[in-house]
Structures are given as structure tokens and as C-alpha cells.
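Participant: Read off the chains here:
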Amino acid sequence: MSHVAFPIVLGIALLVFTGTIGGRIRLLAAARPSPRFDRIPERLQRTFVYAFGQKKFLTGEQPAGIAHAFIFWGFVVLGLQVITQFGRAFSVNFNIPGFGPNQLLGPPFFVARDLLELVVIVAVSYMLYRRLIAHTPRLFGLGRAEERYRKAPHWEGILILSFILFIMVGGLLADAGRLVWLNIHGNERAFAPLTALVADVLGGLGRSGGHTVSEIGWWLHNLTVLTFLNLLPLSKHFHIITAVPNVFFGELPPKQVPRKRSVVQAPPAGIARLDPPPAGLTGVASLADVSWKQVLDAFSCTECGRCTSRCPATASGSPLAPRQLVLDIRDRLYEHPEEQRGVVEGAAPLISDDVLWSCTTCMACVEACPVGIEHVPTIVDMRRSLIDQGRVEPLLQQTLENFAKQGNSYGKSSRMRARWTKGLDFVIPDARTEPVEYLWFVGDFASFDERVQAASQRVARILNEAGISFGLLYDGERNAGNDVRRVGEEGLFEMLVEHNMGVLRDASFAAIFTTDPHSLNTLRNEYPQYGLDKPVYHYTELLAELVADGRIKLTTPLTGTRVTYHDPCYLARYNRITDAPRKLIAATGAELAEMPRHGTNTFCCGAGGGRIWMDDSKLEERPSEQRIKEAQGLDGIDYFIVSCPKDLAMYSDAAKTVGAAFEVAELTALVERALGAAEPEPMSALAGGEP
Amino acid sequence: MKIVVPLKQTVDLVEELELNDDGTDVEREYLTFKLNEWDEQALEEALLIKDAGGAEVTVVALDETDADQSLYGALAKGVDRAVKLSGDFEAGVSSHARAAILAEFIKAGGFDLVLIGVQTPEDLDGQTGVILAGMLGLPHVSVAVAVEADGDGVRVTQEMGAGVTHQLIVSGPAVVGVQAAREAPRYVPISRIRSAMQAGGIEHQPAAEPAASTGLTVRRMFAPQSSSHAEMLSGDADAVAGRIIEIMRERGALRV
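Chains X and F, in that order, are what the protein sequence lines are. So this note's numbering is basically just the index in the first sequence, starting at one, shifted up by 57. So this note's numbering is basically just the index in the second sequence, starting at one, shifted up by 27.
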């Protein structure tokens with residue numbers, strides 16, 4: 058099967074491919090630097106797990122996930138098939154050295170090739186079914202934010218799937234026809250059940266018929282491979298080339314201060330720590346400020362829509378959809394590469410303000426993305442530019458000014474911060490003047506919101522009863538700055554950190570615990586860069602440990618109480634703390650019913666990333682209300698349990714709006730009842746203490 | 028156009044106010060101070076004039092508590108000059124004394140327009156601008172909601188009652204008391220304030236020491252008395268309705 062035509066076709070195809078890929082590489086080379094070459098062993102490990110191991114596909118939505126994983130592995134093994142078939146242009150019995158019929162790797166390769174050809178044909182057929190018949194909504198655009206995507210043509214996905222099918226069928230026919238044509242027996246049939254089966258069917262055509270089928274199959278395979286290759290950089294299937302490096306160059310988990318061994322030690326998400334903008338740049342205002350990793354993100358988007366389908370902003374009818382955001386950046390790169398070289402007068406904004414302000418930074422998109430796109434840090438980068446230009450809505454502006462003057466979002470005097478302790482019949486030590494084991498970083502909501510103050514008092518009572526040494530910073534505490542940073546006000550974040558670090562340095566304590574997952578995230582992942590060298594715990598980790606040790610004895614099991622638990626984004630997704638609250642619930646004797654979205658796949662309450670300081674009246678349905686309805690789908694829930702102060706406020710409101718039959722309660726409300734020490738509280742007091 | 032905006036530090040009302048022992052003033056020891064919100068409006072209006080067609084904006088403040096913060100904030104927002112007038116202001120400065128100090132500075136500066144907050148929450152008499160105009164011998168317009176350049180003068184919009192506004196053309200230098208800027212005061216990121224602080228840039232001048240007296244002495248201050256309180260009615264609709272009727276009878280609104 059020696060062909061003169063094929064080397065010419067191959068040469069032209071590779072030349073054209075080199076030209077297109079060169080254009081793409083120029084876009085990468087023109088982008089701003091990004092430091093992603095450190096910690097290579099960790100990067101290789103994550104590439105192995107997430108790219109070659111296809112972890113997010115195997116643990117995500119099914120059966121689409123497993124189908125993709127098989128197509129991916131099929132591509133890896135069938136890469137050998139491509140080389141073999143290309144080689145057969147020059148010699149009809151070409152095999153890759155070592156992969157011959159009577160060589161060591163030959164038979165295993167035949168088995169794997171046949172198996173994967175079959176599996177890929179099945180998987181691709183299923184995917185064509187989703188696109189052509191089922192019309193899976195995620196593939197065609199969700200919510201009002203993806204109107205542009207919905208209107209764009211969707212034939213590309215179908216074309217590529219057909220190509221994959223042609224490659225599989227072509228290769229199979231080439232191999233099977235060759236067996237007939239050259240009358241081959243032995244290992245090439247014995248270890249290739251599918252090929253042998255097809256060859257048996259083709260046997261009736263005779264050797265010359267086998268030759269014809271083999272030729273047709275061979276050209277179909279090779280021409281489709283070359284066309285496919287040239288289409289890659291021009292299409293969403295560019296991810297076949299860029300996804301593996303994009304995973305490799307992903308943000309790695311920040312270094313943390315070691316915690317005690319008794320606590321689960323899961324590393325946080327890679328984007329749990331944001332970096333300050335590079336010197337000389339206030340934020341991302343245009344393509345000129347976009348980094349090469351952000352360009353690679355844009356190249357890698359497969360338009361699968363897993364991000365958008367989990368986005369609380371999209372679900373509540375806001376103008377943000379993470380997929381559309383990434384595609385808008387990609388399209389701008391392709392259509393206006395000149396904007397990479399500097400500000401172009403009169404150019405439309407890269408992403409509009411209302412889209413950027415819609416993000417709750419819940420990280421559901423980043424968690425869902427199988428190719429390692431980092432939407433949230435990019436959104437924060439762009440918000441930084443809006444802040445720099447003073448493009449801020451009035452309520453947010455007022456809040457930022459409150460932070461600058463008073464150090465809290467409420468604009469209340471710092472002297473009011475610890476006023477909630479007045480309701481206790483003991484005095485909490487001032488860690489600035491008295492050494493304590495634990496420093497309790499309370500946070501704004503738990504200090505100032507009346508509903509949450511009752512929960513703070515409960516935590517204080519439980520720890521005091523258990524004889525734990527803990528103290529407060531009193532009026533020395535300022536907001537930790539987690540959401541200030543994610544709003545994009547980096548200067549204000551630094552100011553808050555400097556103040557808090559100054560006070561923390563003068564206080565004497567062995568570890569920090571906080572009732573607020575947002576504070577936890579920045580204290581644990583970002584403060585170490587500013588000199589914090591103490592471990593940071595969430596109070597549920599601390600309480601779970603005290604219960605396990607027997608230092609807190611839950612003597613009155615809440616048998617017959619049925620609860621569900623809402624995982625806070627910054628606890629579960631950012632910091633992987635999902636066990637401790639569940640252990641605590643189990644210890645109270647209450648029965649836990651999980652909502653469909655739980656653990657690291659939790660749904661956002663809508664308050665994060667500064668959204669709580671912005672107008673939410675334009676949303677079609679608030680994320681918190683959607684979440685309460687999700688809980689209503691469970692049977693006979695008595696309590697909707699939360700472990701984040703913002704959640705208590707958000708869900709208490711949402712439960713009232715929706716008219717839920719259950720109460721929203723903070724986790725310690727259960728714990729205190731199970732302690733048997735608490736006065737029998739009325740339901741409304743459990744919900745957070747409205748008088 | 029050369030615009031000057033005097034800035035005044037006023038009590039930040041997030042702290043609880045208490046009267047001093049002799050009941051003649053609020054206890055100042057624990058107070059914190061911030062820029063008078065109406066001065067912030069005047070500053071924004073000056074910056075809007077500058078944005079629209081160019082102007083040189085100067086801010087000037089007496090060396091009172093945290094005046095630097097307000098001056099650096101103004102520099103970060105884009106004013107051209109920030110001047111701090113030093114002197115002994117510990118005991119407080121009356122509207123007359125303040126106007127006299129400012130008048131000396133403004134006379135020397137050759138300004139075309141003085142934009143000043145129409146009032147402060149501390150002294151709701153709104154006199155400083157008026158006295159200043161009198162001392163400078165300049166025309167004065169108060170309660171402005173828009174000030175725009177117009178030839179060699181300004182066009183000032185005043186808000187009257189019932190949504191009626193009227194416009195005045197003021198020629199030559201003038202003093203305008205600003206009630207509200209055309210747009211909400213802009214947000215200035217902390218990083219810009221910090222770089223303004225690093226760059227320094229506040230000019231220091233001694234304040235004039237005029238002999239100005241208000242002719243007023245405070246005899247006694249009173250803390251506000253709460254005169255009424257709300258009663259929350261609970262129970263079902265019938266119980267609540269019954270209680271409402273009861274209250275109306277108690278107060279003599281219902282005689283049956």
C-alpha cells in the first residue's frame with residue numbers, strides 16, 4: 058500500500074497546521090507573564106490525576122463524563138494507531154518497532170486498540186445523540202447570560218464527533234480489509250477480536266474486495282486525521298492540544314501553616330489564595346493586561362458548559378455565565394489581537410461591569426471545569442481595574458468606605474464589635490493582654506448582625522463550659538478582608554491585613570479559630586504571606602475534635618430530629634472542610650439528609666465575593682431561595698443547618714420568603730441542645746434569636 | 028478657572044455622643060472625625076467642573092484631627108493642590124473664626140470660585156460660606172445642586188421646594204454653598220490614597236490669626252429625649268385588630 062500521494066498530502070497538512078498554530082502561539086507570547094513554572098513535581102502529579110486520570114470526568118456528571126474519559130484514553134492509545142496507519146503509506150506491513158504482531162507490545166496493543174475503537178464508537182454515538190436528539194440544554198446555552206452562545210452555530214461539535222467516528226471506522230476498515238487482502242492470520246487476528254470479526258464479514262468480498270475496503274478505510278482514516286488536526290486550533294477542539302498544559306500550569310494550593318494531626322488535612326483549592334496584581338498593573342482592563350495563562354484558559358475552553366450549569370449567577374438570571382465570559386475573552390483575542398499591544402481608543406470593554414459584579418466567587422465554575430480554567434481570579438483581576446477607575450455601585454462604595462473608616466462593613470464603631478459579649482455571664486479574655494490557647498477571630502457578621510450574635514454567644518458558652526482557653530481581639534479586630542480582596546479592592550485588603558497583623562503580633566495565642574469561613578479562607582491561605590505563622594481552624598473542626606476527645610459530652614441525643622446541612626463555599630469548596638460539620642451533626646444524634654448538591658459540589662447562598670453589599674433586586678430568583686427550595690425537596694426536614702454567619706442571615710431571609718416548613722439554624726444550636734445544658738429554646742430562638 | 032474647596036473635619040456619628048461634665052459641649056475625647064459630607068459634595072462638584080473643561084482645584088483645611096486623611100483623599104481624587112493651615116485649634120473654631128482664616132488664605136490665592144459645603148452636621152446654621160462671602164466681598168449662592176462653568180462665571184442650579192429648580196448666572200468670583208454634587212462623590216481606591224500619602228504633597232502654611240468672635244456662648248446642651256416608642260402587636264389578626272381599637276379608644280381617636 059505504498060502511496061506517493063500521501064507524503065504530499067501530509068506535507069501540506071503539516072505546513073498549514075504549523076501556520077495556524079504559529080498564530081496561536083503568537084497570542085500566547087504577546088501576553089503578560091505569569092509565574093507558573095514552580096513546584097514541577099506537584100504540577101506533574103495534578104496533570105497525571107486531572108488530565109491523564111480524567112478525575113473530574115469520572116467524578117462529575119454521568120454518563121457524559123465516563124464517555125469523555127474513554128474518548129480521551131482512546132485518543133492516547135489510538136495515537137499509536139495513527140502512526141501505524143501513516144507508516145503504512147510507505148510499507149504495507151509497517152508496525153511501530155516493538156508493536157509488531159510477534160513482538161512484545163503487539164498483542165496488547167491490538168487488544169487495547171480494538172477495545173477502545175469499540176468503546177469510542179459507542180461513546181461518540183451517545184454524544185451525537187445528546188447533540189442531535191436529546192438537545193441537552195447545557196450544550197446549547199443556559200440562562201439569559203448565554204443568549205449569544207445560544208444563537209451561535211452549534212454544528213462544530215457534530216462535525217468533530219463525526220470526524221472521530223470516521224477515524225475509528227476508517228482505521229477499523231483499513232485493518233480488517235488488510236487482513237482479508239493479505240490473508241493474514243496469527244496474532245493480528247487472535248488478539249484483535251473486533252478487527253477479526255469485521256474481517257470475517259468482509260471475507261465474502263474476496264482478497265481484491267478486501268484490498269478496496271482497506272484502501273477506502275485507510276484514506277478515510279488518514280484524511281480525517283489530517284483535516285481534524287488542522288481544524289483543532291480553529292475550534293473548541295483546540296483543547297485537545299491545550300488542556301493538558303492548562304492543567305499542568307494551573308494554580309497550585311497555597312502553602313499553609315501546619316495544623317494538628319487530629320484534624321483532616323485536605324489541601325485547599327488552588328485559587329484559595331489570590332495574588333496581588335503584578336507591579337505596575339492595577340488590574341485587567343483590556344487584552345493588553347491579560348496573562349498567558351488566561352490566554353491558555355481561553356484556548357482550552359471546550360464550551361461544555363459545566364461551569365455555567367453550576368453557576369449561581371447564571372441560575373438567578375444575572376448577566377454572568379462563566380462559559381460566555383471565557384468565550385468572550387477568546388473571541389476578542391481572535392478578532393482583535395491588536396488590543397494585546399496596548400489600549401485601543403474606542404474599543405468596547407472586554408467584559409462589561411454588570412457581568413463582573415455578578416460573580417459571588419463561589420468557585421463552582423472552577424471546581425466544575427475539567428480543563429483547569431480559572432474563572433474567578435480572572436474576574437477579580439478585572440474587578441480590580443473597575444475599582445481603580447472608581448466604577449462601583451453606590452451600596453458597594455458606601456461599604457468600602459465603611460471598611461476604610463471603621464474596619465467593618467456595617468460602618469459601626471469598632472468599640473461596638475464585641476458588644477455581643479455583654480449577653481454572656483462570663484468575661485471572654487482579651488487576647489491582647491492575656492495569653493490564651495485559641496484566638497477567636499469573630500468576623501463582621503458574627504459580631505454585628507443581631508441574628509448571628511446569638512450564635513456567637515452560643516459558641517462562647519459551649520467553649521467556656523468545655524474549659525477551653527480562648528480570647529478575642531475586641532475592638533482591635535478588623536474585617537479579615539477576604540471579600541474585600543475579591544471585590545477587587547486590593548489596597549483596602551492590604552490595609553486591613555496590616556492592621557490585623559499588627560494586632561495579632563501583639564497578642565499571645567497558640568492557634569486561631571474563626572466562626573466565619575470567609576475569614577478562615579484568607580487567614581489560612583493568604584495571611585501567611587503577610588507573616589501569620591499560627592494554624593487557623595474553623596470552629597466546627599475545633600468542636601468536632603472536642604467531641605471526639607470527650608471534652609464536650611453530648612448527653613441528650615436529638616433522636617428523631619431530621620436535618621440537612623448546607624456546605625459554605627469558602628469552607629467546603631475552597632478549604633475542603635466537609636467532614637467536621639457532619640461529624641458534629643452525627644454526634645448530636647440528629648439524622649442528616651443530604652441535598653442533591655452537597656460537599657464540594659455545594660450551591661452558593663449568593664452573598665460571597667462582595668455580592669452581599671450589592672443590589673440583588675434585579676435577580677429573577679435569589680440563589681438562597683433556590684437553595685431553600687432544594688432543601689424542600691427532602692422529606693420532613695426539621696432544620697436547615699448552616700455553619701457560616703452569612704448563611705444564617707441569607708437563609709433565614711430566604712426561608713421566610715419561600716415559606717419553608719423547616720427552620721434555619723446554626724450548627725451550634727443543635728450542639729447546645731444535645732449538650733442538655735441549654736434551656737429548651739423556642740424554634741425562633743434556634744433560628745438565630747429574633748426577640 | 029481656579030477653584031478652592033475648604034474642607035472641614037466633623038464628628039463621625041458612628042460613635043455615641045455624650046455631653047461633657049458641665050453640659051456645654053459634647054465630650055470630645057472619644058470622638059473620631061471625618062470629612063464633612065457636604066464638603067465632600069463640594070469637592071466632587073469642583074472635580075466635575077475640572078473634568079468637564081479644565082480647572083485648577085485647590086483644597087484647604089485647618090490643621091484639625093485627621094485633616095491629613097481628607098487632604099490626601101482629595102489629592103488621590105485628582106485635586107491639584109492641598110493646603111493645610113496650621114494653628115491652635117484645640118478648643119474648636121467658630122464659624123466666624125473659620126471664615127476669617129479662610130478669607131485670608133483665599134484673598135492671597137487669587138481664586139475664581141469658592142465651593143464650600145452648605146453646612147456641617149455639627150453647626151446646622153450653615154453660616155461659614157455666607158460669612159466667608161461677606162468677608163471677601165463676593166456674591167454668594169447657597170444650597171446649590173449643580174455648579175457649571177459659564178463664560179467667566181458659573182451657572183448655579185438651586186433646588187426649591189416641590190421639585191422646582193432655578194438657575195442663576197453668577198459672573199466673576201463667587202462663593203457657592205453646595206448642597207449636592209451632580210453625581211455621587213467618586214470612589215477613590217485605597218492604593219491611590221496610599222500613593223498620594225507616599226508622595227507627600229500637602230503644603231503647610233500658618234493660619235492667619237484674625238480677631239473674630241461669634242458673640243455666642245453655649246449655656247447648656249441637652250441630650251435628646253426619646254419622646255415615643257413603638258409597640259409591636261402580636262397574635263392573630265383578631266387579637267391585633269382588637270388591640271388597635273383599644274389603643275384608638277385610649278388616645279381618644281374613637282369614641283364608641
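Don't take every hint at face value.
Only part of the chain X face toward chain F is listed, based on derived beta-carbon distances under 8 Å [to be verified]:
#1 P98
#2 R100
#3 R103
#4 E272
#5 I444
#6 P451
#7 Q454
#8 L457
#9 A461
#10 Q463
#11 G468
#12 E546
Mimicking BS3-like on lysine-lysine, the simulated pairs with C-alpha atoms at most 25 Å apart in a straight line are [as the list claims (entries may be wrong)]:
#13 X/K293 - X/K317
#14 X/K640 - X/K317
#15 X/K317 - X/K610
#16 X/K462 - F/K61
#17 X/K640 - X/K675
#18 X/K469 - F/K61
#19 F/K111 - X/K462
#20 X/K312 - X/K208
#21 F/K77 - F/K134
If you are wondering where the hints come from, they were derived from the structure by calculation, not from laboratory data. Cβ coordinates follow ideal geometry from the N, Cα and C atoms, glycine included.
Participant: It remains to establish, for every hint, whether it holds in the given structure.
Facilitator: So, going through the hints one by one against the coordinates:
no. : hint            : verdict
1   : P98             : violated (36 Å)
2   : R100            : violated (32 Å)
3   : R103            : violated (33 Å)
4   : E272            : violated (68 Å)
5   : I444            : holds (5 Å)
6   : P451            : holds (6 Å)
7   : Q454            : holds (5 Å)
8   : L457            : holds (7 Å)
9   : A461            : holds (6 Å)
10  : Q463            : holds (6 Å)
11  : G468            : holds (6 Å)
12  : E546            : holds (6 Å)
13  : X/K293 - X/K317 : violated (45 Å)
14  : X/K640 - X/K317 : holds (18 Å)
15  : X/K317 - X/K610 : holds (22 Å)
16  : X/K462 - F/K61  : holds (9 Å)
17  : X/K640 - X/K675 : violated (39 Å)
18  : X/K469 - F/K61  : holds (14 Å)
19  : F/K111 - X/K462 : holds (21 Å)
20  : X/K312 - X/K208 : violated (44 Å)
21  : F/K77 - F/K134  : holds (21 Å)
When held up to the earlier numbered hints, the structure conflicts with 1, 2, 3, 4, 13, 17, 20 and fits the remainder.
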